[in-house]
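Number of protein chains: 2
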Amino acid sequence: MPDYRRRAARESMSVRLDVNGMMAEAIGPGESQTGLSRGEVDALAPRTLEVARLLHSRREAGELPFYELPQRREMATTVQAAAAAVRDGLDTLVVLGIGGSALGTRTLLDALGSSGPRVVVVDNIDPVTMGSLLDGLDLKRTMFNVVSKGGETAETMAQFLIVRERLLRELGAVDYQQRVIITTDAESGHLRQIVNDEGFRDLVVPAGVGGRFSVLTPVGLFPAAIAGVRIDELLLGAAWMDTRTRATEVWQNPAHLLATLLYLAETKHQRNVVVLMPYSDRLRRFADWFVQLWAESLGKAENLDGAPLHSGQTPVAALGATDQHSLLQLLIEGPHDKVVILLRVEDHGRELSIPSAYTDMEGVGYLGGNGLGALLNMEQRATELALVQQHRPVMTITVPQVNAFTLGQLFYLFEVATVFAGGLHRLDPLNQPGVEHGKRLTYGLAGRKGFEAQRAEVDNWMGRKRAEYVL
Amino acid sequence: MPDYRRRAARESMSVRLDVNGMMAEAIGPGESQTGLSRGEVDALAPRTLEVARLLHSRREAGELPFYELPQRREMATTVQAAAAAVRDGLDTLVVLGIGGSALGTRTLLDALGSSGPRVVVVDNIDPVTMGSLLDGLDLKRTMFNVVSKGGETAETMAQFLIVRERLLRELGAVDYQQRVIITTDAESGHLRQIVNDEGFRDLVVPAGVGGRFSVLTPVGLFPAAIAGVRIDELLLGAAWMDTRTRATEVWQNPAHLLATLLYLAETKHQRNVVVLMPYSDRLRRFADWFVQLWAESLGKAENLDGAPLHSGQTPVAALGATDQHSLLQLLIEGPHDKVVILLRVEDHGRELSIPSAYTDMEGVGYLGGNGLGALLNMEQRATELALVQQHRPVMTITVPQVNAFTLGQLFYLFEVATVFAGGLHRLDPLNQPGVEHGKRLTYGLAGRKGFEAQRAEVDNWMGRKRAEYVL
Numbered sequence: 000m001p002d003y004r005r006r007a008a009r010e011s012m013s014v015r016l017d018v019n020g021m022m023a024e025a026i027g028p029g030e031s032q033t034g035l036s037r038g039e040v041d042a043l044a045p046r047t048l049e050v051a052r053l054l055h056s057r058r059e060a061g062e063l064p065f066y067e068l069p070q071r072r073e074m075a076t077t078v079q080a081a082a083a084a085v086r087d088g089l090d091t092l093v094v095l096g097i098g099g100s101a102l103g104t105r106t107l108l109d110a111l112g113s114s115g116p117r118v119v120v121v122d123n124i125d126p127v128t129m130g131s132l133l134d135g136l137d138l139k140r141t142m143f144n145v146v147s148k149g150g151e152t153a154e155t156m157a158q159f160l161i162v163r164e165r166l167l168r169e170l171g172a173v174d175y176q177q178r179v180i181i182t183t184d185a186e187s188g189h190l191r192q193i194v195n196d197e198g199f200r201d202l203v204v205p206a207g208v209g210g211r212f213s214v215l216t217p218v219g220l221f222p223a224a225i226a227g228v229r230i231d232e233l234l235l236g237a238a239w240m241d242t243r244t245r246a247t248e249v250w251q252n253p254a255h256l257l258a259t260l261l262y263l264a265e266t267k268h269q270r271n272v273v274v275l276m277p278y279s280d281r282l283r284r285f286a287d288w289f290v291q292l293w294a295e296s297l298g299k300a301e302n303l304d305g306a307p308l309h310s311g312q313t314p315v316a317a318l319g320a321t322d323q324h325s326l327l328q329l330l331i332e333g334p335h336d337k338v339v340i341l342l343r344v345e346d347h348g349r350e351l352s353i354p355s356a357y358t359d360m361e362g363v364g365y366l367g368g369n370g371l372g373a374l375l376n377m378e379q380r381a382t383e384l385a386l387v388q389q390h391r392p393v394m395t396i397t398v399p400q401v402n403a404f405t406l407g408q409l410f411y412l413f414e415v416a417t418v419f420a421g422g423l424h425r426l427d428p429l430n431q432p433g434v435e436h437g438k439r440l441t442y443g444l445a446g447r448k449g450f451e452a453q454r455a456e457v458d459n460w461m462g463r464k465r466a467e468y469v470l
Numbered sequence: 000m001p002d003y004r005r006r007a008a009r010e011s012m013s014v015r016l017d018v019n020g021m022m023a024e025a026i027g028p029g030e031s032q033t034g035l036s037r038g039e040v041d042a043l044a045p046r047t048l049e050v051a052r053l054l055h056s057r058r059e060a061g062e063l064p065f066y067e068l069p070q071r072r073e074m075a076t077t078v079q080a081a082a083a084a085v086r087d088g089l090d091t092l093v094v095l096g097i098g099g100s101a102l103g104t105r106t107l108l109d110a111l112g113s114s115g116p117r118v119v120v121v122d123n124i125d126p127v128t129m130g131s132l133l134d135g136l137d138l139k140r141t142m143f144n145v146v147s148k149g150g151e152t153a154e155t156m157a158q159f160l161i162v163r164e165r166l167l168r169e170l171g172a173v174d175y176q177q178r179v180i181i182t183t184d185a186e187s188g189h190l191r192q193i194v195n196d197e198g199f200r201d202l203v204v205p206a207g208v209g210g211r212f213s214v215l216t217p218v219g220l221f222p223a224a225i226a227g228v229r230i231d232e233l234l235l236g237a238a239w240m241d242t243r244t245r246a247t248e249v250w251q252n253p254a255h256l257l258a259t260l261l262y263l264a265e266t267k268h269q270r271n272v273v274v275l276m277p278y279s280d281r282l283r284r285f286a287d288w289f290v291q292l293w294a295e296s297l298g299k300a301e302n303l304d305g306a307p308l309h310s311g312q313t314p315v316a317a318l319g320a321t322d323q324h325s326l327l328q329l330l331i332e333g334p335h336d337k338v339v340i341l342l343r344v345e346d347h348g349r350e351l352s353i354p355s356a357y358t359d360m361e362g363v364g365y366l367g368g369n370g371l372g373a374l375l376n377m378e379q380r381a382t383e384l385a386l387v388q389q390h391r392p393v394m395t396i397t398v399p400q401v402n403a404f405t406l407g408q409l410f411y412l413f414e415v416a417t418v419f420a421g422g423l424h425r426l427d428p429l430n431q432p433g434v435e436h437g438k439r440l441t442y443g444l445a446g447r448k449g450f451e452a453q454r455a456e457v458d459n460w461m462g463r464k465r466a467e468y469v470l
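Line by line, the protein sequences give chains F and P. Mapping the first sequence onto numbering that gives the first Met the number 0, position 397 (from 1) lands on 396, and the numbers just tick up by one. Mapping the second sequence onto numbering that gives the first Met the number 0, position 325 (from 1) lands on 324, and the numbers just tick up by one.
Honestly, the hints are just simulated from the structure, not real lab data. All C-beta atoms in this analysis are idealised placements derived from N, C-alpha and C, irrespective of residue type, glycine included. Mixed in with the good hints, there may be bad ones.
[What the hints assert, rightly or not] In silico BS3-like links for lysine-lysine, alpha-carbon gap of 30 Å or less:
# : chain 1 : residue 1 : chain 2 : residue 2
1 : F       : Lys267    : P       : Lys267
2 : P       : Lys464    : P       : Lys448
3 : P       : Lys464    : F       : Lys267
4 : F       : Lys438    : F       : Lys464
5 : P       : Lys464    : P       : Lys438
6 : F       : Lys464    : P       : Lys267
7 : F       : Lys448    : F       : Lys438
8 : P       : Lys438    : P       : Lys448
9 : F       : Lys448    : F       : Lys464
[Stated by the list, open to error] Looking from chain F toward chain P, a few residues come up when the C-beta cut is under 7 Å (computed):
#  : residue
10 : Gly98
11 : Asp122
12 : Glu151
13 : Val272
14 : Gly298
15 : Thr313
16 : Leu327
17 : Leu329
18 : Pro334
19 : Ala381
20 : Val434
21 : His436
22 : Leu440
23 : Thr441
24 : Val457
25 : Val469
With these hints in hand, go ahead and build the complete structure from the sequences.
Right, here's the structure in full:
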């Protein structure tokens, strides 16, 4: 295909960000609880420019390797080879992972998975779920993909220990080794050591790419490849969004604009909740993926200088049209503390026409002749305007179709937006120091050596509880 | 069983609310961003007493019929008979419903459904989901339960029109009539008229019980009964919680205490987000049910006198331990604007022991010898304390086991708490006026007569959009 035609094809498959509903022109003048003004955004230009340049130079220095993932075509080749090597005769791939090792994969499978073996993601340690899954597996036709960059995630390792013992018992040591593929750091961590010691198949999480930015690494790509997802198209989509998010001028960069508007909404307009509401069942999990990305990256106690910050909008995953019958009442009438992002799919790829019937019943008959997907999109548009009319800020992201190319764009758009928002807040979007203490308390309770003091902290807390506060 | 033994059995299966982590003793003195003081709660006593009395008299007057649902044993009998009449030879029950007609049912199925035919809830109008569901059904062995109290919910009626045409085409008019059971109002609405005209089986949503309070009516009970849920136990559990939530003194009433603490957190401590985080996959959907209940009931623009209010905490559904790797960073380090409610299951009903292995690896070996469910509960406790230590308010609700009796308690606990919170805010928790306008805009777009002006509003909005705000 000639370049201009390829470019035209990509343009027609571009994900578009529409921020009209954020602006004062739509929802009212620039007071604290209404729309943003163009001037307010432009006044931030020195800062947005500075952050854009800083991120650019950090990218050039190799400090933000997630930016380069779409270009790493060799990763796709490796993953495809690994998938091809195990796919024959495979019934089920079970992914053992949690958080960033599960959410992107889930999103890919729900949006695009179709052909190929069943892929199941076990992202919790509920013994009922885990037990009934294991009960139903034919271990000879199952593979387990153990995913943990650090190689010692408690939940994942606990799952692995259970699976390992079951495999050894039922298949023996030789076959056991064939039923496991491990995705972890190239060099360090217990899982890497286990790969080295026991000779498992393995895949590598690139250095410097944390869990919530890892969907476009083997973490997400391998299970997706097993499920028949076009991972080359996924990376092409991300690469296309990369070309669209390089401008330093905020009004020419959808990721930076998205981040800037959310930043202003949070810091200047007290909007501490952001709702992501896809109007497509297949994109439902994308909202869950976004929740982790936004919450862990931007919910921080301190900025880069160690000054108190306590930043972070609460991301909320919703689903259109379903949650029009759940959250919408609050979004329309509740506190002026939210931004809503609607995701609209132009072409659902399938349509069901609603037959005409009961034409004498005024409240039913009008439906006939419409398409079901068309009705879904009408509801998206109606909700957008209903929010605008109640002076509630709303953005709409339009996705031409749900496919690997557009999903790649969506992942990359939000990843770049997240890092840019981190830059505006002057925080580190790549760490998550707040969860460490809870892990240490769990170590104490689970009897890990060296964490006796943490166990004592929990005992002390339970002992301090007052009986009259338990009903 | 003698009464005292029955009572003891119920006590041992009681759901318990632990509010220690909300209080100043645990998380710090009663300043705006820390814990509640006992005095602060007691200072509200005149108001809590007044609301308790008002709700009691409204209940006595029959104005709040959801309160009486646990006593309506005849409802369970009717539902059981309806389920028995259709269950033979049934492969799949498809529930067509949305919002309150779906969320409670989903919760019941996920928590308790096991035996019996498959039950699928279609709560959206995504043509891909609906199409692939219909593709895979054997219509002769499928029943469709159309659920809408008002009888003209657009999404549900659109689904019904599609299903109806398919049934008529493939099975003919006689069999078609046997494949549908309609749950709607006893007297009014299009669905009631359709029942009367076409002779469908039907079930009744009791008068005065809105969608989000309808899980303990045939809306939730019928699909649950098909799935083998002990609906008698469910109602007994709700009745048990009824006996526990009748005290007028707030410190003796778990539902009123729950509501009062959340009310104070919202109105006096700027905590406008409430996270419900069950540590059990089976209770995951309960959090979704809670989201609708809390958001639609309490997110209101006006109080009962028509004065501006804009109340409503944003409810967020989470899952433990999974979301410790997603939301928790924000909960620990982000803004002081949240209350977290953890749900803990004491006995998961099944345990998997984690085998000992890799004992030389310090970050893995400690896991061996623990149970997987025990580890899950350790994580709950660790998260509770980690929140407390960061001065973050947290409640823990303990559920002895996940069964129909405890789930009935949970539903009723939160329903009573919601109505009580509505009383404290002096708002109407039973309406949802904010969603009407969006529905009318959809009618306009879908070509319903009399809504031409609404279509013009949407056209006008689309025409007003500025191209430079779309990237």
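How the hints compare with the structure:
1. F:Lys267 <-> P:Lys267: This hinted pair holds, its Cα atoms lying about 22 Å apart.
2. P:Lys464 <-> P:Lys448: holds, 27 Å
3. P:Lys464 <-> F:Lys267: holds, 24 Å
4. F:Lys438 <-> F:Lys464: holds, 22 Å
5. P:Lys464 <-> P:Lys438: Status holds; Cα separation ~22 Å.
6. F:Lys464 <-> P:Lys267: holds, 24 Å
7. F:Lys448 <-> F:Lys438: The hint holds at about 14 Å.
8. P:Lys438 <-> P:Lys448: The given pair, whose Cα atoms are some 14 Å apart, holds under the 30 Å limit.
9. F:Lys448 <-> F:Lys464: Judged against 30 Å, a Cα distance of about 27 Å means the pair holds.
10. Gly98: Hint on Gly98 (chain F): holds, closest Cβ of chain P at ~3 Å, below 7 Å.
11. Asp122: holds, 5 Å
12. Glu151: holds, 4 Å
13. Val272: Holds: closest Cβ of chain P sits about 5 Å from Val272 (chain F), inside 7 Å.
14. Gly298: Nearest chain P Cβ about 3 Å off; hint holds.
15. Thr313: Hint on Thr313 (chain F): holds, closest Cβ of chain P at ~5 Å, below 7 Å.
16. Leu327: holds, 5 Å
17. Leu329: With a closest approach of 3 Å, the Leu329 (chain F) hint holds.
18. Pro334: Where the cut-off is 7 Å and the nearest Cβ of chain P is about 5 Å from Pro334 (chain F), the hint holds.
19. Ala381: holds, 4 Å
20. Val434: Holds. Min distance 5 Å.
21. His436: holds, 5 Å
22. Leu440: At 4 Å from the nearest chain P Cβ, Leu440 (chain F) passes the 7 Å test, so the hint holds.
23. Thr441: With Cβ-Cβ at 4 Å, under 7 Å, it holds.
24. Val457: For Val457 (chain F), the interface hint holds, since the closest Cβ of chain P sits about 6 Å away, which is under 7 Å.
25. Val469: OK, holds: Val469 (chain F) within 7 Å of chain P, min 5 Å.
In summary, this structure violates none of the numbered hints.
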